[in-house]
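Taken in sequence, the protein lines are chains A and B.
Just so we're on the same page, the working numbering is the position in the first sequence counted from 1, plus 468.
Just so we're on the same page, the working numbering is the position in the second sequence counted from 1, plus 6.
Derived from the structure by calculation, the hints contain no laboratory data.
Keep in mind it's a predicted model, so treat the numbers as computed, not measured.
Check before you lean on any hint, since a few could be wrong.
Unchecked claim - Once the Cα atoms are required to be at most 16 angstroms apart in a straight line, the calculated EDC-like pairs of lysine to aspartate or glutamate come out as: (1) B/K30 with A/E609; (2) A/K602 with B/E34; (3) A/K606 with B/E97; (4) B/K96 with A/E515; (5) B/K96 with A/E609; (6) B/K98 with A/E608; (7) B/K30 with A/E512.
Spelled out, the chains give:
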Amino acid sequence: MTINVTERPTQQRPIGFGNPWLQLGVSVACVFVSELLLKRGASEVAEPNSAFSWTGINGLASPLVWWAIVLIIASFISWLYVLRYIPLSIAYPLSRVVDILVPLGCWVFLDERISALRWCGIALVVIGLALVVKPVAKMEERL
Amino acid sequence: MSFLAFFFIVVSLVTFVAAQLILKRAMEFSATAGMRNAYFVSRVAIGVALMTVSFFLTLGLLQRFDLSYLYPFQGLSVIFITILAAVVLKEKLGVRLAIGAILITAGIVLVSMS
């Protein structure tokens with residue numbers, strides 16, 4: 469068996485489905501799809517006039533919400549796996565790509581009409597996040 | 007947006023950030039002290055409970071607003087972490103962090119007006 473000497477033993481990265489970079493992609497994809505499913509599910513059973521619906525509990529009536537919960541758990545597990553191999557200050561900034569995917573998904577899959585003003589706001593948030601994501605990941609490591 | 011909606015958005019974000027930090031602390035603690043102790047179990051329980059609160063509040067909000075409207079507010083979580091780091095770690099705000107925080111805030115103001 470050959471050992472790649474450029475990698476430290478703690479960072480030995482499994483290949484195939486266990487590849488941490490692939491798992492990072494899986495985690496992001498699960499978050500992305502779960503957000504869209506949650507929105508679809510919540511809209512299906514929405515009761516905006518009832519005060520109780522602020523608790524969101526009525527959302528459990530939608531099967532899409534349950535699928536979203538499954539994906540959230542899956543994303544959480546693959547994220548924990550990713551963190552065993554990739555440092556938070558690298559993995560976290562990359563995972564924020566979901567901030568771009570979600571508004572695009574809203575537009576493409578949910579047919580949400582996003583005004584120019586909202587696009588500008590989203591863009592500012594994304595740029596701001598891109599700027600702070602590394603220092604914040606480091607802070608979170610210490611917190 | 008109503009005051010109530012803004013209140014729930016902030017509560018759902020604060021509970022989420024708090025849960026993340028509590029769970030992280032619990033996991034770090036378990037690395038040395040193991041998982042079979044009251045401290046670890048209670049922290050995980052608190053973390054999971056806070057995450058659940060955040061999840062259901064989000065589900066309530068999604069019944070009322072577009073996802074493209076609500077999602078950018080998650081940028082606020084970064085501001086909470088920055089404030090927390092300043093308070094707990096006495097960390098100073100770098101220029102990059104300050105500019106980023108201003109951009110995120112401006113972006114959220116634009117989204118909330120849309």
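Find the hints from earlier in the document that the structure breaks and name them by number, from lowest to highest. 2, 4, 7
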